[in-house]
Each structure stands twice: as C-alpha cells, then as structure tokens.
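Trainee: Sequence:
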Amino acid sequence: MIKITMPDGSKRDYACGTTGMEIAQSISKSLAKISLAIKIDGAVSDLSLSIDKDVSIEIITRKDAEALELIRHSAAHVMAQAVQSLFPNTQVTIGPSIENGFYYDFARKEPFSTADIEKIEREMRKIIERGNKFEREIWTRVDAITYFKDKGEIYKAELIEGLPEGEDVTVYKQGDWLDLCKGPHVPSTRHIGGGFKLLKVAGAYWRGDAKNAMLTRIYGTAWRDEKELKAYLFQLEEAEKRDHRKLGSEMDLYHFQSEAQGSVFWHPKGFVIYNQLEGYIRRRLNSSGYKEIKTPQLIDNKLWEASGHWGKYRENMFVVPDEIPNTDDDAPVVSDKAFDKLMALKPMNCPAHVQVFNQGIKSYRDLPLRLAEFGCCHRNEPHGALHGLMRVRQMTQDDAHIFCREDQITSESVAFCDLVKTVYSDLGFNDVKIVLALRPEMRAGSDEVWDKAEGGLRQALIEAGLEFTEAENEGAFYGPKIEYHIRDAIGRSWQCGTLQLDFVLPERLDASYIGADGAKHRPVMLHRAVLGTLERFIGVMIESYAGKLPLWLAPTQVVVATITSSADDYAREVHKALLDAGVRAELDIRNEKINYKVREHSLAKVPVLYVVGAREAEEQTVAIRRLGSKNQSVDPLDKAIAELTDAIKPPY
RNA sequence: GCUGCUGUAGCUCAGUGGUAGAGCGCGUCAUUGGUAAUGACGAGGUCGGGAGUUCAAUUCUCCCCAGCAGCACCA
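My numbering runs 7 ahead of the 1-based position in the first sequence.
It should be emphasised that the hints constitute simulated quantities derived from the structure, not laboratory data. Computed from a prediction, not measured in an experiment: that's the story for all the values here. No false leads were mixed into what you were given.
Cβ pair distances, simulated, as ranges: (1) 391 - 636: 40 to 46 Å; (2) 206 - 70: 20 to 26 Å; (3) 70 - 472: 32 to 38 Å; (4) 233 - 96: 30 to 36 Å; (5) 636 - 33: 57 to 63 Å; (6) 622 - 656: 27 to 33 Å; (7) 524 - 105: 51 to 57 Å.
Here are the simulated lysine-lysine pairs, DSBU-like style, with alpha carbons at most 35 Å apart: (8) 180 - 46; (9) 218 - 180; (10) 440 - 656; (11) 612 - 637.
Quick reminder that beta carbons are idealized off the backbone N, C-alpha and C, glycines included.
Construct the complete structure from the given sequences, taking the supplied hints into account.
Mentor: If you want it as structure tokens, here you go:
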C-alpha cells in the first residue's frame with residue numbers, strides 16, 4: 008500500500024501501482040471525467056502513470072492553470088499526425104506549447120498554403136473526434152533511433168542521437184501515430200476539445216540556427232473551449248487596431264518610405280511627441296547630475312578599429328568613402344582607393360563619449376562623470392528585422408555613459424534603477440520586465456571581473472527593490488547588462504531601457520584618471536539608456552495608450568470648434584488665448600456641422616474639445632468635451648484655460 | 001539575411017488577357033447647424049519597378065524593390 012496526500016492535506020491509502028485516473032475515479036466519477044493530468048509531488052504527469060510510492064498529488068482539470076499547456080502540447084501532436092496523414096512526405100521535428108498556443112516544425116519541400124491549413128485543421132478535428140488515447144511508451148535510445156531512421160525521419164533521429172547514451176526515451180502514441188516526447192499529455196485526443204485554430208505558416212530554422220535548413224512552422228492557438236478561443240481572437244483583432252504603424256499614419260505622426268528604408272520621416276504632430284519626450288528626459292537628466300554633449304555622426308574608421316566595433320560590429324555599420332565623388336559620368340563614382348580611407352556613421356555613441364572623457368586629465372575627484380547625449384545612431388539592421396518605430400536603421404538613443412571607479416558601480420547602478428523607475432512610472436509604464444543578462448560564452452575579461460560586475464548589478468537591482476529574472480549567456484561580450492522590456496499591443500516584447508557594465512572599452516580606448524594615490528587608473532564605464540531609443544519608446548507608448556496619449560504629449564491638446572460662423576470671432580479669441588497660455592491649440596471654424604467636427608476630432612484622438620456657439624460667445628464661456636466622455640461642461644473661458652494649462656504640465 | 005504571403009486613387013479595398021471601379025478623404029457650390037458622418041457636383045491612377053510570353057498584360061511567367069508574418073539577428 009502507498010499513502011497519497013491530497014491537496015487538502017488528507018491522506019488516503021491506495022494499492023501500489025495505482026494510476027492517477029484510478030485515484031480520480033475513487034474521489035468521484037465526475038472528477039475523473041474532467042481530469043486531464045495529475046501533479047505528483049509538484050510535477051505534472053499523465054493520469055495513466057502508475058504510482059508506486061508515497062506522494063502528494065493534485066488532480067488537474069480543465070479549469071487549472073496547467074490545463075492550457077497540456078491541451079496545447081497535445082494539440083501540437085494531433086496537428087503533426089494530421090499533417091503526416093495528409094502529406095505523407097513530410098518529416099516531423101519538434102512541436103512545443105507556447106504562450107497562447109502551440110506550433111510544430113515540419114520538413115517538407117513544398118510550403119503549406121492557406122488551403123492546406125484549413126485541410127489540416129479539419130483533419131485535426133477528425134482525429135480529436137476519434138478520441139484515441141495518448142499512450143506513453145519507454146523505448147531504448149537505440150530502438151528509437153532505428154525506428155525513426157527507418158521511417159526516414161532524419162530530424163527526429165538526430166534529436167535522439169543528441170540525448171545521452173544509455174538513456175531511455177519516451178514516445179507518445181495516439182492511434183497508429185507516435186512521436187518522441189517527454190510528455191505529459193491529456194488522456195485522449197478528445198480531451199483537446201474544439202477551442203483551437205491554426206493561425207499561420209512561417210519559416211523557422213532547424214534548431215534555431217540560421218546555418219541550418221529552414222523548416223515550415225505552423226502556428227495554432229488553443230484554449231479550454233470555443234468561448235475562450237473566440238475571446239482570444241477578438242483580443243487579437245483589438246490589439247491590431249492599436250498597432251503603432253496603423254495609428255502612426257491615422258494620426259499623421261510620421262511615415263516611412265522605401266528610399267530611406269527603416270528611417271523615420273517625422274511629421275509635425277509626431278515630432279511634437281518626440282520633442283516633448285526628449286525635453287522631459289533632458290530635465291530628468293539635468294537634475295540627476297548628467298552633462299549633455301553632442302558628438303559627430305561620421306567618424307573615421309580608425310576609431311572604430313580601436314574600439315573593436317570594426318571587428319565585431321562591422322556588418323551592421325554604414326560606411327562612407329572619404330573622397331570627393333567623380334563628376335564624370337563615364338568614370339566610377341569613387342576610385343579604388345576610396346576604400347582605403349573609410350568613415351562610418353556611428354552605430355553607437357560610446358567611443359565618441361570616451362573621446363570627450365579623454366580630453367585633458369581626469370582626477371578621481373571628477374568621477375563619476377556622467378556624459379549624456381541624444382545620440383543619433385545608424386545601424387544596418389537585417390532587413391527582415393525592421394518593424395515600424397520599434398526596429399529602425401536610424402535611431403536616437405537617450406544615451407549616457409557614466410565613467411566611475413569600481414567602488415562607485417553599485418551606487419551609480421542603484422541611482423540609475425531609481426531613475427528608470429521614476430521615468431517609467433511618470434510615463435505610465437508599470438508592467439515592465441527586468442532581465443539581468445549574464446556572461447556569454449564569448450567574452451572579454453576574467454571570471455573574477457565578471458563575478459564582480461554581475462554581483463554589482465544584481466545588488467543594485469535588489470537595493471532598488473526591483474523584481475527581475477536572470478538570463479544566462481545573454482550579456483554583452485564586454486559586460487553584463489540590465490534590460491528593461493516592455494510589451495507591445497500584440498504581445499511582442501521590446502527592450503527599452505538598459506544598463507551595461509563595461510570594463511573593456513576604457514582599456515581599448517585608453518581612458519584613465521589620476522587616483523588619490525597619484526597613479527593612473529582605468530575608469531569603469533556604464534552604458535545606460537532610460538527609454539532606449541526615442542523611436543521605439545514612442546512606438547511602445549502609442550500602442551500602450553492606443554493613441555490616446557497623456558495631455559502633455561498629445562500633439563494637439565485642444566481644438567476650438569465653432570457651431571455657427573457667428574461664433575468665429577469669439578473662437579479666434581479663444582484660440583489666441585490658448586496659444587498665449589502655451590497650449591497646443593487648433594481652430595476649427597470650417598463650415599461643417601458640430602456633429603461632424605466632434606466626430607472627426609474624436610477619431611483624431613484630440614483630448615480636449617472646446618465648442619463655442621452664439622451662447623458661449625455671449626457669455627464668454629466654452630463648452631468643454633473631454634475625449635471618451637459623452638458629457639460636456641460649460642466653464643468661463645478664464646477658468647477653463649487656467650485648468651487646462653495646469654492639466655497639460657509634464658510630469659517633471 | 002532566410003521561408004511564405006502581399007503590392008490597384010491620399011486611405012481602406014473590389015475587379016479584369018481588350019489600358020479600371022466603390023466608400024472615405026480632397027476641391028467647388030448650396031446649407032448656419034448645439035456635441036460621433038448635411039447634400040449635390042467635380043478632380044484624382046504608367047494598377048510597386050524591369051524584362052518576357054501574346055495581336056494585346058494591371059491580369060500569365062521570371063527578376064528586382066518594398067511591406068507583412070515568423071525565424072535568425074538585436075552593442
């Protein structure tokens with residue numbers, strides 16, 4: 008007999024070898040019906056697994072959080088089965104569950120079409136209807152390799168060959184189809200239910216390596232039932248409406264065009280946001296002990312060679328021959344020698360900031376020296392990576408480099424974490440993911456230095472009272488980093504703020520200061536950006552606010568709209584008074600009905616509307632309508648403007 | 001960069017082997033109205049670029065460019 012501890016702490020005796028399903032049945036038949044899996048000592052397992060020792064268990068049903076992953080992973084297996092029964096010349100590879108769904112990667116010469124996707128989904132429903140059990144089997148590694156090789160499944164065989172020798176593998180069988188898999192799964196295909204949908208086909212590299220073959224990946228989403236699926240699909244649609252690329256053109260903020268691929272043409276309205284944000288950050292930095300500088304865009308290669316960028320980062324750099332182009336139509340634009348003397352557009356500001364630091368002799372008393380720049384950088388990003396404002400080729404970082412002593416790293420890092428916290432909260436971002444990226448395989452510096460650097464950043468995060476996760480191998484080659492990630496409307500995560508410790512660049516560019524001991528020392532460099540880039544951050548903000556930006560950032564803060572032309576003169580007075588008060592106001596005295604004007608400015612997301620007609624002109628008032636509200640209030644003009652000028656103040 | 005899809009008016013899209021259409025927007029005129037679309041008329045397109053097949057290509061084929069989704073990349 009074995010003792011099974013239930014979630015409520017009670018213990019029951021069962022025969023050795025009892026399965027989870029039997030336990031569920033012993034509790035109640037109705038529980039057994041809705042059970043999907045069992046948690047044994049905290050680990051999710053199949054209901055069919057026999058238990059042969061004392062454990063504590065928890066039955067997992069559709070309602071539980073763990074259910075979704077089981078359903079999704081099982082749906083991936085069913086999709087693979089469906090694909091292989093419809094397209095027998097297809098090899099399977101891997102198919103995990105992911106956030107909101109699942110995918111499976113297939114190796115096939117022909118890509119899948121949209122029509123194929125529909126066919127596959129119909130086939131999946133048939134398999135689910137059949138309700139075959141998911142049966143777990145344990146095979147020897149060698150048997151598994153032989154089996155998959157015989158079937159022509161070279162990818163699966165390769166996967167198993169990568170497993171430790173002598174270790175058995177598990178396979179899951181549903182009907183006559185099987186797949187190598189750790190499990191667990193729901194009891195039968197029927198338990199997947201109908202709350203799933205295949206979404207899209209895409210390419211993905213085998214084992215996530217661009218050097219490998221490109222496989223065909225099919226993505227699906229799966230939920231507990233049709234209702235949850237519907238809700239998710241609706242949410243996707245809603246999210247698309249707040250895509251910054253859509254809102255950017257609807258709101259006339261900026262545009263892109265192919266002649267300047269990946270670089271923003273800011274329109275007047277968009278540039279208001281840009282300038283407001285920059286001004287806000289500048290004020291924050293000024294009061295946090297930073298000194299603002301401006302450094303060159305185009306810099307001789309020699310500096311990039313010295314900094315190491317030419318070696319490690321060249322493929323992302325734009326180079327320019329420093330030669331006068333030939334004006335003769337028949338001759339080449341530049342000579343062969345042009346490539347002997349190249350300049351490059353800066354992809355980052357750090358080497359330039361070290362040049363400023365290196366001017367004159369620095370004393371330990373000068374440290375920490377915090378040099379800030381709204382630095383315009385160019386990076387030749389892979390074209391497939393470009394994405395609206397989020398990933399551009401010309402960007403402006405709210406960059407700064409802090410030159411300090413080793414013993415100042417922690418206090419400077421804490422100060423930075425506090426600054427980020429303040430700024431993000433001012434800007435309305437509370438859901439920020441913080442990652443501490445640790446040493447990568449390829450790195451400069453000794454382990455001792457890395458221990459110190461990682462420890463310093465970790466301590467800073469703890470002292471600043473921040474929650475964070477750690478990511479192995481994700482650091483820069485010159486030092487560990489703290490990354491601040493914010494999600495966009497469709498759930499993609501973008502790195503915005505960052506703090507990076509660098510022991511390497513001061514060495515390479517020979518930065519030094521004179522210590523209290525009168526000897527030369529190397530400063531440590533902290534690379535840091537609060538917003539990351541203005542472009543990306545504005546993109547994230549547009550999506551986060553769905554275009555309805557806070558008053559201080561709104562391109563147009565108020566529109567004065569007339570009801571009849573008899574109020575035109577008064578409207579002009581109101582408009583002028585607003586401009587004089589420093590409000591970004593526009594005047595709408597067009598010959599249109601007030602309904603039309605209200606609708607248009609509401610759709611344009613103008614936060615405040617002042618409506619004036621004969622009555623308001625007579626009484627020197629304005630009828631105020633705030634965006635999103637159906638009501639309006641009538642206030643004396645002076646009072647309205649006083650309240651508005653107060654409301655449009657930036658957070659700092 | 002890789003795989004796939006897409007590219008028609010300022011925007012959203014329909015359509016066809018015989019050189020094009022809608023709605024919105026824009027312009028003109030009429031209308032002076034009280035909080036999410038007043039009406040009429042009009043202008044506007046080398047159908048992403050190049051080549052090929054054809055009597056004839058926006059439509060079919062190929063190449064290029066750009067955009068989108070995903071992957072890879074992201075100092």
